[in-house]
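With the hints as your guide, set chain G onto chain S.
Those protein sequences? They're chains S and G, same order as listed.
The first sequence lines up with residues 1 to 116 when you count with this note's numbering.
The second sequence lines up with residues 117 to 227 when you count with this note's numbering.
I should point out that these hints are in silico values taken from the structure, not numbers from a laboratory.
Errors might be hidden in some of the hints.
[Stated by the list, open to error] Once the Cα atoms are required to be at most 20 Å apart in a straight line, the calculated EDC-like pairs of lysine to aspartate or glutamate come out as: (1) G:Lys171 - S:Glu104; (2) G:Lys214 - S:Glu104; (3) S:Lys57 - G:Asp213; (4) G:Lys214 - S:Glu56; (5) S:Lys71 - S:Glu28; (6) G:Lys214 - S:Glu68; (7) G:Lys214 - S:Glu52; (8) G:Lys214 - S:Glu44.
[Said to hold, decoys possible] Derived list of chain G stretches under chain S, where covered just means 3 residues or more per stretch with a C-beta under 8 Å from a C-beta of chain S: (9) 135-143; (10) 204-218.
Cβ atoms here follow ideal geometry from the backbone N, Cα and C, with glycine treated the same way.
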Amino acid sequence: DTGVSQDPRHKITKRGQNVTFRCDPISEHNRLYWYRQTLGQGPEFLTYFQNEAQLEKSRLLSDRFSAERPKGSFSTLEIQRTEQGDSAMYLCASSFSGLAPYNEQFFGPGTRLTVL
Amino acid sequence: AQTVTQSQPEMSVQEAETVTLSCTYDTSENNYYLFWYKQPPSRQMILVIRQEAYKQQNATENRFSVNFQKAAKSFSLKISDSQLGDTAMYFCALENDKVIFGPGTSLSVIP
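So here's chain G without its partners, still in its complex pose:
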């Protein structure tokens, strides 16, 4: 069975600071994809960043970057220069045909 774990239910960060959200997963597949999705309060879920498991290079998307450790099955998200609009639930997700989501981390950016 595939599982995704996010061990930090809630986190907070000062505006303009950097924060890292943790995610670990388990799968017996060798080819899969990993995603971070953002769900702002009362708004739709949107994709933040994705990582192909066969790529060693960590994905980056503007202020968002990941630290992908395939052997450790770890996939953390780093948000640099945090902005108030980053306040949201963040879900780590594993895809191998269907997508399995983690329980989420609620991030609050404090002015």
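Isolated chain S (complex conformation):
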């Protein structure tokens, strides 16, 4: 069982640069979520996919953020023209929306972004 994996685990970038993060969910999971977590806070929902369809985007997800899940498997989150306020942990989670009515999410280790 490989669980949810995220790459890279840490990213340091300069303000104005673009960054891209990758998430590989648990293979049979059809839902994939992105969250942002700042120090001492709970995860804030950014967006989620069911298979390859992006079903919801938070207002937190500005135009500089884009997420894709092209084949319904892995997902990428890109941040363009990074700002210092983008510094945070970016968490990915996956779940199987099917037989069970609830949505137990399995989280990855996160990508910690530092914008200098």
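Structure of chain G alone, referenced to chain S:
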């Protein structure tokens, strides 16, 4: 709008003692699910316990149990026989399609 509030930013408990973490929430939905997640220092978030809103019976999972008061929109977590490995951030979460997390409670178990 759905919200989750955890009014205790930090708590501590002696090893082997019992501690209760508080959570209140607000939603206009009738069908939803509630979760407690644990995030140990520098480790991944994992599910501790879940509760279906349509069930009156409180969920239990070994040393972890909840007190679910639907009318009061309260969902507290009780940890019995606290262990050093319980030291972590604990997040209360509400799910109705997407999941809304509370700000978390940092629990320290003291030897």
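These are the hints, each one checked on the structure:
Restraint check for G:Lys171 and S:Glu104: satisfied, since their Cα atoms lie roughly 17 Å apart, inside the 20 Å limit. Restraint check for G:Lys214 and S:Glu104: the C-alpha separation of about 11 Å stays at or below 20 Å, so the hint holds. Between S:Lys57 and G:Asp213 the CA atoms are separated by roughly 13 Å; this keeps the pair inside 20 Å, and the hint holds. Proposed proximity of G:Lys214 and S:Glu56 is supported: the alpha carbons are some 9 Å apart, at most 20 Å.
Restraint check: the Cα-Cα separation between S:Lys71 and S:Glu28 comes to about 13 Å, which is no more than 20 Å; the hinted pair holds. The suggested pairing of G:Lys214 with S:Glu68 holds, with an alpha-carbon distance near 18 Å, which does not exceed 20 Å. For the suggested pair G:Lys214 and S:Glu52, the alpha carbons sit about 17 Å apart, so the restraint of at most 20 Å is met. Among the hinted pairs, G:Lys214 with S:Glu44 is consistent with the structure: their alpha-carbon atoms are about 11 Å apart, no more than 20 Å.
Here the segment 135-143 of chain G counts 0 residues with a CB under 8 Å from a CB of chain S, which misses the bar of 3, and the coverage is violated. With a cut-off of 8 Å between beta carbons, the segment 204-218 of chain G has 9 residues touching chain S; three or more are needed, and the interface restraint holds.
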